[in-house]
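Chain A is already provided as a structure; the job is to place chains B and C on it using the hints.
The chain contents come next:
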Amino acid sequence: MASAEETARAADRKDIRERWLLSAPALAIIFVAAIGPLFVMLAYSFMMKGDYGDVKPWTFSLDGWTSVLFQRDIFDDTLGLADAHLTILWRSIRLSFYTTLLTLIFGFPTAYFISTRAPTTREIWVFLVTIPFWTNLLIRTFAMQQVIRNEGLVNTALIWLGVIERPLQIMNTDVAILLGMVYVYLPLMVLPLYASMEKLDFRLVEAGYDLYASRWQVLRRIIFPLVKPGVIAGSILVFIPSLGAYVIPRVLGGGKNMMLGNLIELQFGSGRNWPLGAAISITLMVLVMIALLFYVRNVSKSETGHG
Amino acid sequence: MRLKTLAATAAMAVAGFAGSASAAGELNIFNWGDYTSAEMIKKFEAAYDVKVTITDYDSNDTALAKVRAGGHGFDIVVPSANYVQIWVKEGLLLEARPDQMENFKNVDERWVNVPWDPGRHYTVPWQWGLTGIGVNTKVYSGDINTSAIWLDPPPELAGKINVAPEMNDVLFATIKYFGGEWCTEDLELLKKVRDKLVEAKPKWLAMDYSVTEKLPAGDYSAVYYWNGAIMRSREKNPDIKFGYPKEGFPYFMDSVAILKDAKNVENAKLFMNFIMDPQNAAMISAFAKYSNGIKGSMQYMPAEMQSAPELVVPPEFEKAGEFLTTCEPPVQELYTKLWTELQK
Amino acid sequence: MARRTFDIRAQPGFGFMALLTFFALYLPIAALVAYSFNAAESLSRWDGLSLRWFASAWNNSTVQDAAIRSLVLAVWAATLATIVATMAALATTRTRPYPGLTFKYAFINQPLMVPEIVTAVALLIVFSRIKVWTGYSGMGYLILAHTAFCIPFAYLPIRGRLEDMDLTMERAAADLYATPWKTFRYVTLPLLRPAIIAGFMLAFVISLDDVVITEFVKSGGQDTLPTYMLGQLRRETSPEINAIATVFLALSVLLVTVFFFVNRRKT
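Top line first, the protein sequences correspond to chains A, B and C. 168 is the number that this note's numbering gives to position 168 of the first sequence; each next residue is one higher, with no gaps. Start counting at 1 in the second sequence, then tack on 1000, and there's your number in this note's numbering. Start counting at 1 in the third sequence, then tack on 2000, and there's your number in this note's numbering.
A few of these clues could be false.
What the hints assert, rightly or not - Taking lysine-lysine and the DSS-like style, the derived pairs with C-alpha atoms no more than 27 angstroms apart in a straight line are:
1) B:1105 x B:1295
2) B:1263 x C:2104
3) B:1191 x A:256
4) C:2104 x A:199
5) C:2131 x A:14
6) A:256 x B:1246
7) B:1089 x A:56
8) B:1191 x B:1203
9) B:1191 x B:1344
10) A:256 x B:1241
11) C:2182 x A:14
12) C:2131 x B:1089
13) B:1138 x A:256
14) B:1201 x B:1241
15) B:1246 x B:1191
16) B:1051 x C:2131
17) C:2104 x A:228
18) C:2104 x B:1260
19) B:1203 x A:256
20) B:1319 x B:1105
21) B:1260 x A:256
22) A:56 x B:1260
23) A:256 x B:1196
24) C:2104 x A:56
25) A:256 x B:1160
26) A:256 x B:1201
27) B:1203 x B:1236
28) B:1246 x B:1260
29) B:1138 x B:1241
30) C:2131 x A:199
31) B:1192 x A:256
Unchecked claim - Here are the in silico distance ranges between beta carbons for each label pair:
32) A:287 x C:2184: 19 to 25 angstroms
33) C:2046 x A:24: 32 to 38 angstroms
34) A:117 x B:1196: 55 to 61 angstroms
35) B:1237 x A:199: 38 to 44 angstroms
36) A:59 x B:1152: 20 to 26 angstroms
37) B:1201 x A:160: 31 to 37 angstroms
38) B:1318 x A:165: 45 to 51 angstroms
39) B:1089 x C:2184: 58 to 64 angstroms
40) A:24 x B:1261: 49 to 55 angstroms
These are computed hints drawn from the structure, not numbers from a lab. Everything numeric in this text was worked out from a predicted model, so none of it was measured. Even for Gly, the Cβ is constructed at its ideal location relative to N, Cα and C.
In isolation and in its complexed conformation, chain A is listed as follows (with noise of 0.2 angstroms):
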């Protein structure tokens, strides 16, 4: 009987020390190449920061920190909140949760369409999502600027159609950085989406129907649950780099107002003050750290709680 535990647990212990070897390449690179670096940012957020970039190395300050939230007034020199930052905080936040919920809504269908083609045909149409991507971030961004833009294929059909007199203006509009992140990290959307379709098992839909649910109710209760996962991922996938994005904002919202990827440029760049960069990083970084680990204990819950 002990001798039995024994060797489960021995088992147990050869299963989780096999999936420690099995996971350690991919653990090591991230070590040395994300995480490891971000140690020395860490220290650099609290150091004060050198005259032209860079930091006074071995000094300690917490000026870095505190100008995240607060600011002294340039004029009046009293302590208040760094709304600047607010500010751009709050516009990258709301820009990347409309980009998700706009991935999500054109890329569900999209990626339920091609698990739902036979199964030769499929990979053809994985391909033509990821195609327009071999073009790089910026190509592809110069190419959404030849679709929106005054003279561009929308304004020009649109005026064409007699739908508008005038162009609107699209172009270096928060509208703009919406759709160039839209359009840009969609792929990332429909790719998990599909992983997790594709492997749906139609018997359960069947059982579904069979029980007289609607197309809405099947939908709802049976196939968005089981590809709950998919949706997880993409969203992490698309939310993430749409807050630090820093390309899209520059060339296709006119570079007039920041979000949180050019906020932090411009601290390890002209602003010349990276402890201030740093932290806010770090932040930023905690922020998405929280929302992450509550998504994941979500999922994981909900799965059990589906057996």
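Just chains B and C now, with coordinates in the frame of chain A:
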């Protein structure tokens, strides 16, 4: 020095004639993107049998951060005037003494005793230009030699303006607009500057770099931007006219410097000397469309550049221009705050 | 399954939405391809058909080098990332929670949570020290950096797929005395294939796209197409870029076609 250069040249030439397939030497140039004439590089490679590698950067601060971190492998860098002193202070540049080189006699006196490198002990002029006004005269026909074009825009232009997304250039012109001095800490004046920018910004369409594309096409009707780009726009659309803001405008000059940890110092020095030759300097300008600061190079440039109103500063405006210098760190911090507030 | 006229797979409007999405996806691309055959100097004015930009891109060795470097880098990074991500996904799914599991999730997804500029500056500081110490400044750094941020993109779809696969098939194989490797090779891997392909493609395009990290990590002579373009952003973007993009697209369509036919022969 001159002898040494000659000897080096001779040695290179011999090596070249010996018919070795691969180049005898190497040179690693770190420069602004799309800024280096390939034709000029080819000529240099052929003359000295040196294989040149060019790597791009897109901002002074990126270049500075990369070189300061070390391990970059570059020999030559081309920082802007207001950054040269930072590079020197941080001990990144080699005192290459270009002022003792053979071709230094070709450098225009105006560019010898410059504030960022008095007597030119470190750097050699690459190109210079200024930030001015470009206006589509079909849309607006009033006076364009003023910053009011983008700070107090006439109704015809409001909503169709593009301003260079450059903190220093924008703040410089606005401070000058109120009669202040660059690097001022005068809070009362800076408050006016801030209020003016906050008031003017809604009347701008964009703060963007794609001027040569959108100014001639009519997306923008007025810009505050670099003269070379406005010249290119005018070549595509003759309605574009260039204006010199009489209240004050910033000059820029990018200069070639050798890095302290360069591996190919001799080749880098050869390159410095090479670009001070009027014909070679003209190639640089013909490619990137900015002036270069080498006497006698004009005659080798394309005819349309020799008389371009964007490049030849009229004497009455010469005094209005001033070089952007490096402000003290606390001032810089103040300006960054203003800038962030403007773009929130 | 009985045939019936009622298609259980259909959802109203989904086909329309999907086709609309594909249309929107290809509209800018179509514009880009069309403009690559434009004779005009400008990106926005149409001056008639011409191949001049293809010729000029062909003669521009800088652009060519950069394009090839981008492709090589993306192949390396996506391959490495997909391999290690598949291993990691196998190690983190279909098990009871064990100590360190949540930690692994967080660790592997971490590159997603950091704005690119931060990783870029951090990598610059660390890698340049290593460059100074070792004297090596080759493509290895870029490959390593790209692999790291590609891993989560490859990992997520593979893990998503594994989570919904139970162990029945593998257990059956084991009951039939298949070795663990054979079970993996002939059972798990074929089932995982769509997700692995999705993961690889994601990682590939993500690597092809990267600007900021590459800009900070690259050494002399290591410009990729995106960093080359970033350098041009301040000046004039030449329609050459459209021509290169068109060539990339043609290349990918060719690859897909070949892949498709090879695949078909197998089945």
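Going through the hints against the structure:
{"no.": "1", "hint": "B:1105 x B:1295", "in the structure": "holds (9 angstroms)"}
{"no.": "2", "hint": "B:1263 x C:2104", "in the structure": "violated (43 angstroms)"}
{"no.": "3", "hint": "B:1191 x A:256", "in the structure": "holds (20 angstroms)"}
{"no.": "4", "hint": "C:2104 x A:199", "in the structure": "holds (26 angstroms)"}
{"no.": "5", "hint": "C:2131 x A:14", "in the structure": "violated (39 angstroms)"}
{"no.": "6", "hint": "A:256 x B:1246", "in the structure": "holds (26 angstroms)"}
{"no.": "7", "hint": "B:1089 x A:56", "in the structure": "holds (14 angstroms)"}
{"no.": "8", "hint": "B:1191 x B:1203", "in the structure": "holds (19 angstroms)"}
{"no.": "9", "hint": "B:1191 x B:1344", "in the structure": "holds (17 angstroms)"}
{"no.": "10", "hint": "A:256 x B:1241", "in the structure": "holds (25 angstroms)"}
{"no.": "11", "hint": "C:2182 x A:14", "in the structure": "holds (20 angstroms)"}
{"no.": "12", "hint": "C:2131 x B:1089", "in the structure": "holds (24 angstroms)"}
{"no.": "13", "hint": "B:1138 x A:256", "in the structure": "holds (26 angstroms)"}
{"no.": "14", "hint": "B:1201 x B:1241", "in the structure": "holds (23 angstroms)"}
{"no.": "15", "hint": "B:1246 x B:1191", "in the structure": "holds (22 angstroms)"}
{"no.": "16", "hint": "B:1051 x C:2131", "in the structure": "holds (22 angstroms)"}
{"no.": "17", "hint": "C:2104 x A:228", "in the structure": "holds (21 angstroms)"}
{"no.": "18", "hint": "C:2104 x B:1260", "in the structure": "violated (44 angstroms)"}
{"no.": "19", "hint": "B:1203 x A:256", "in the structure": "holds (11 angstroms)"}
{"no.": "20", "hint": "B:1319 x B:1105", "in the structure": "holds (26 angstroms)"}
{"no.": "21", "hint": "B:1260 x A:256", "in the structure": "violated (38 angstroms)"}
{"no.": "22", "hint": "A:56 x B:1260", "in the structure": "holds (21 angstroms)"}
{"no.": "23", "hint": "A:256 x B:1196", "in the structure": "holds (16 angstroms)"}
{"no.": "24", "hint": "C:2104 x A:56", "in the structure": "violated (34 angstroms)"}
{"no.": "25", "hint": "A:256 x B:1160", "in the structure": "holds (13 angstroms)"}
{"no.": "26", "hint": "A:256 x B:1201", "in the structure": "holds (8 angstroms)"}
{"no.": "27", "hint": "B:1203 x B:1236", "in the structure": "holds (25 angstroms)"}
{"no.": "28", "hint": "B:1246 x B:1260", "in the structure": "violated (40 angstroms)"}
{"no.": "29", "hint": "B:1138 x B:1241", "in the structure": "holds (10 angstroms)"}
{"no.": "30", "hint": "C:2131 x A:199", "in the structure": "violated (46 angstroms)"}
{"no.": "31", "hint": "B:1192 x A:256", "in the structure": "holds (20 angstroms)"}
{"no.": "32", "hint": "A:287 x C:2184: 19 to 25 angstroms", "in the structure": "violated (39 angstroms)"}
{"no.": "33", "hint": "C:2046 x A:24: 32 to 38 angstroms", "in the structure": "violated (56 angstroms)"}
{"no.": "34", "hint": "A:117 x B:1196: 55 to 61 angstroms", "in the structure": "holds (59 angstroms)"}
{"no.": "35", "hint": "B:1237 x A:199: 38 to 44 angstroms", "in the structure": "violated (57 angstroms)"}
{"no.": "36", "hint": "A:59 x B:1152: 20 to 26 angstroms", "in the structure": "violated (44 angstroms)"}
{"no.": "37", "hint": "B:1201 x A:160: 31 to 37 angstroms", "in the structure": "holds (34 angstroms)"}
{"no.": "38", "hint": "B:1318 x A:165: 45 to 51 angstroms", "in the structure": "holds (47 angstroms)"}
{"no.": "39", "hint": "B:1089 x C:2184: 58 to 64 angstroms", "in the structure": "holds (59 angstroms)"}
{"no.": "40", "hint": "A:24 x B:1261: 49 to 55 angstroms", "in the structure": "violated (37 angstroms)"}
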